[in-house]
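*Asks:* The primary structure of each chain is shown beneath.
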Amino acid sequence: MRSVDERTERRIVRMLDGELAPADQHELNRDLLRSPQARRVLSDYRDIDRLAAEVMTAVVDGRCRVAGPTGRTWTGRRTVLWSGVFAGLAAAAIIMVVAGLTWQGDHSIDKGSPDRTAPIALRPQETAGPQHLVPVGMDLLNRGQRRIDRDYVGVFDEARGTLYVFEVNRTRTVRIPVAGDL
Amino acid sequence: MADMGMMQAAEQDADLRLVEALVRKDPLALEAFVRRHERWVRGVVFGIAGRNDLADDVIQQVWTAVWRQIGTLRDPTAWRAWLYGLVRRATIDAGRRWRRRRRNEVTVEPEVLTRAPSTTQPDQGLIADERHRRLLEAIRSLPSIYREPFVLKHLEGWSYAEIGSVLGLPVDTVETRLVRARRLLREMLQGAL
Chain A
1 MRSVDERTER RIVRMLDGEL APADQHELNR DLLRSPQARR VLSDYRDIDR LAAEVMTAVV
61 DGRCRVAGPT GRTWTGRRTV LWSGVFAGLA AAAIIMVVAG LTWQGDHSID KGSPDRTAPI
121 ALRPQETAGP QHLVPVGMDL LNRGQRRIDR DYVGVFDEAR GTLYVFEVNR TRTVRIPVAG
181 DL
Chain B
1001 MADMGMMQAA EQDADLRLVE ALVRKDPLAL EAFVRRHERW VRGVVFGIAG RNDLADDVIQ
1061 QVWTAVWRQI GTLRDPTAWR AWLYGLVRRA TIDAGRRWRR RRRNEVTVEP EVLTRAPSTT
1121 QPDQGLIADE RHRRLLEAIR SLPSIYREPF VLKHLEGWSY AEIGSVLGLP VDTVETRLVR
1181 ARRLLREMLQ GAL
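Protein sequence lines, in the order shown, are assigned to chains A and B.
Using my numbering, the first residue of the first sequence is number 1, and each one after it goes up by one.
Using my numbering, the first residue of the second sequence is number 1001, and each one after it goes up by one.
None of these hints come from the bench; they were simulated from the model.
Some hints here could point you the wrong way.
[Claimed, not checked] Partial list, computed: chain B residues near chain A (C-beta under 10 angstroms):
hint, residue
1, V1034
2, R1042
3, D1053
4, D1056
[What the hints assert, rightly or not] Label pairs and their computed distance ranges (CB to CB):
hint, chain 1, residue 1, chain 2, residue 2, range
5, A, E27, B, P1170, 17 to 25 angstroms
6, B, V1171, A, G100, 33 to 41 angstroms
7, B, R1036, A, S43, 43 to 51 angstroms
8, B, P1027, A, I94, 54 to 62 angstroms
9, A, R46, B, D1172, 46 to 54 angstroms
10, A, R46, B, E1156, 12 to 20 angstroms
11, B, T1077, A, A93, 39 to 47 angstroms
[Stated by the list, open to error] Derived coverage of chain A by chain B (criterion: at least 3 residues anywhere in the stretch with Cβ under 8 angstroms from a Cβ of chain B; other residues may be distant):
hint, region
12, 23-37
13, 49-62
Idealized CB from N, CA, C, for every residue including glycine.
Using the sequences provided together with the hints, build the complete structure.
*Replies:* The structure is reproduced here in structure tokens:
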């Protein structure tokens, strides 16, 4: 966007601000004669100055109300910075939770179950039909260890020497502590 | 040019006498001081915050602080930089209070740019003008390090040296910031000028 060199631009601004030394004025006149871009910049800056004076006079005299944060003041920048930090932390937390759930999902005990909506186990009580009992081998238990505490309850049938796993929230469960080395 | 210089010197002298009277806790001096500089203070509030809806709140605090703290002004000729510091602190505090209030409110005041109710009919259309509106938004979105000197220059017509003395900046830095402010505004207003 900058279409003139920095030195000419500075001279233009100094002239508009009444700060240009007479010697520099000659240089600037020469630049303006030579360069249409310099003339364009001068014209644009003049317009900006004129409009800015009108607008700011209206603002200061209270003829228009300007409210709300700009986000660019010193405190505003700090706010923006902190907002960014909090947004970043929140995003990181969400990613970690999602990644954790996905990881757990990959290791879930019922990963291989053909029908994930069906209960995978029932209470080892007489009311439960034997067809619903799913014996779980030690290898499967180890793979699903992470979820046992949270989503599954293991029930050890001492008579049969079999561990049954109940999925919490799908089946009413009875927790039976399992003793011994599994 | 010489007349202008004499007028400026007379103004500065009048300000200095008012400040000295303020130091003596003369209430009439405060009244005159407020009348002379309220507009300038409003400009500074806008320059710092990029908004003017907090100005009444800030100004009330500033004049109270002037009355209470005038004794801390060691060099009466440096009153303007001292006053600028008071306005800056009060503006930042007001901004913080506003943000706290906004957090606690159910309905949040949106960022607005509206015409204030006014009886000055010819000026009411000012902000309705697209170029004025865009320029005002562009000025507001300038970083405050550029906006502050730009507002002081365009409201008060101050020299680089005067702006530098208030902002605590060398003259070259003031010039650089004014160049960059205009450059940014020109970029933001591309096609509207």
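*Asks:* Each hint needs a verdict: does it hold in this structure or not?
*Replies:* Hint check:
The restraint placing V1034 of chain B at the interface with chain A is violated, with a minimum CB-CB distance near 15 angstroms, outside the 10 angstroms limit. Nearest Cβ of chain A to the Cβ of R1042 of chain B: about 5 angstroms, under the 10 angstroms cut. The hint holds. Annotation: D1053 of chain B was flagged as interfacial toward chain A, and the flag holds, the nearest CB pair being 4 angstroms apart, inside 10 angstroms. Hint on D1056 of chain B holds. Least Cβ distance to chain A is approximately 9 angstroms, under the 10 angstroms limit.
Checked against the given bound of 17 to 25 angstroms, the beta carbons of E27 of chain A and P1170 of chain B, roughly 23 angstroms apart, stay inside it. The supplied range of 33 to 41 angstroms is broken by V1171 of chain B and G100 of chain A, whose beta-carbon atoms lie about 59 angstroms from each other. At roughly 36 angstroms, the beta-carbon separation of R1036 of chain B and S43 of chain A lies outside the given 43 to 51 angstroms, and the hint is violated. The hinted window of 54 to 62 angstroms between P1027 of chain B and I94 of chain A holds, with their beta carbons roughly 60 angstroms apart.
With their beta carbons about 23 angstroms apart, R46 of chain A and D1172 of chain B fall outside the hinted range of 46 to 54 angstroms. One distance hint, 12 to 20 angstroms for the beta-carbon pair R46 of chain A and E1156 of chain B, holds here, with the actual separation near 19 angstroms. Roughly 56 angstroms separates the CB atoms of T1077 of chain B and A93 of chain A, a value that falls outside the hinted 39 to 47 angstroms. Requiring three or more residues with a Cβ within less than 8 angstroms of a Cβ of chain B, the coverage given for the region 23-37 of chain A is violated, as only 0 such residues are present.
By the rule of at least three residues with a Cβ nearer than 8 angstroms to a Cβ of chain B, the coverage given for the region 49-62 of chain A holds, with 13 such residues.
The structure fails to meet hints 1, 6, 7, 9, 11, 12 from the earlier list, while all remaining hints are met.
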